[in-house]
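Numbering (full-length UniProt numbering), first residue to last: 1 to 388.
Among the clues, some could well be false.
[As the list claims (entries may be wrong)] Calculated lysine-lysine pairs in the DSS-like style (CA-CA distance at most 25 Å, straight line): (1) 312 - 64; (2) 362 - 210; (3) 130 - 339; (4) 230 - 272; (5) 272 - 361; (6) 210 - 161.
Hint data in this document are derived by calculation from the structure and do not stem from the laboratory.
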Amino acid sequence: MSCLLEGFLILYALVAAVAAGNPTYYNIGGVLSNNESQAQFKEIIAHLNFDQQYVPRGVTYYDKAILMDPNPIRTALNVCKHLIAVRVYAVVVSHPLTGDLSPAAVSYTSGFYHIPVIGISSRDSAFSDKNIHVSFLRTVPPYSHQADVWVELLKHFNYMKVIFIHSSDSDGRALLGRFQTTSQNLEDDVEVKVNVESVIEFEPGLESFKQQLMEMKNAQARVYLMYAGKTDAEVIFRDAARLNMTDNGYVWIVTEQALDAENAPEGLLGLKLVNATSEEAHIRDSIYVLASAIRDMNQTEEITEAPKDCDKSGSIWESGRVLFEYIRKQVLLNGATGKVAFDDNGDRIFAEYEIINVIEKKEHKAVGHYYYNTEQKRMRLRLDENNI
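Kindly produce the complete structure, drawing on both the sequences and the hints.
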């Protein structure tokens, strides 16, 4: 018994020694879209320091936030000058008011030094590629994860024959790939698996979709799954209406971007990410996930100081690489945006969606919810069919 106690004491001493040598303060960087988000970032970190569940005694967090520049080159320079120069241990990144390249610039610049980056708004599938975005995680799911909800909708309505329409970009292809994988996994749940009768891929920037629609009209399937941007969706819906392919007997299920089309047909079903535009909620979740990871890492790992100089490549910051893995393993059960967790690519899982139905006068009506069921510990689909 005394040997066992002695072993525990030695282990405790080793852990205490590791923690004692680790930093006592951590600068957290933010690249945010507006002054309001900057103020919220500062306030959330100030409150975090008084939460002993996440911040042990003797440790303090400091906010180091800057505004996002729509120019990606200036953004990269600002990350070096205002964030890396003050030794940030991680960066929370939003999106600019115009353009979409600046979050990638933050990821490239920070990733070169293995400084973890937590995105709170970027949903492009490209960020899932860990060969390019080596230290990037996000509290929002990529667009391709909407395929999971599509499969649940098909299962609910027993639609087992579909036509898949998607733009020929990385997001469209990623959505198709995920749909094929997820729908094949349905075999255990249902007697008949989903049959994709045809896949129609198109180049973004459509002027006409009539030829493809004529082919679709000759097919057996009358259920259309579509991934398209707003402007392409408007062309597709315009031509479909001319061919009476938006009338009763045809089912259109689309992703978020297509749902915004001005001429979205009545009866269409689409998805809307819950808390998608709540920047404060995502800032809060990202900071608490980060604090949880540093707390856990502090107990067992040596944490070296973050890099300070973009002009010197130096050696890889190994603590940053390890911190990324600690962040990826975190789970917030009751985050501001729901249950927060990440997959192997650092992409958000357990994200919740509203099921939207387009009704008379092009109004959008919520008719269901894809949510995390705490009792069953899995995602569930709830639909109010009487309102569809």
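Taking the hints in turn, this is what the structure says about them:
1. Restraint check for residue 312 and residue 64: satisfied, since their Cα atoms lie roughly 21 Å apart, inside the 25 Å limit.
2. Taking the CA atoms of residue 362 and residue 210, the gap is near 23 Å; set against the 25 Å cutoff, the hint holds.
3. Restraint check for residue 130 and residue 339: the C-alpha separation of about 23 Å stays at or below 25 Å, so the hint holds.
4. Restraint check for residue 230 and residue 272: satisfied, since their Cα atoms lie roughly 14 Å apart, inside the 25 Å limit.
5. For the proposed pair residue 272 and residue 361, the alpha carbon gap of about 19 Å is at most 25 Å, so the pair holds.
6. The hinted pair formed by residue 210 and residue 161 meets the criterion: a straight-line CA distance of about 22 Å does not exceed 25 Å.
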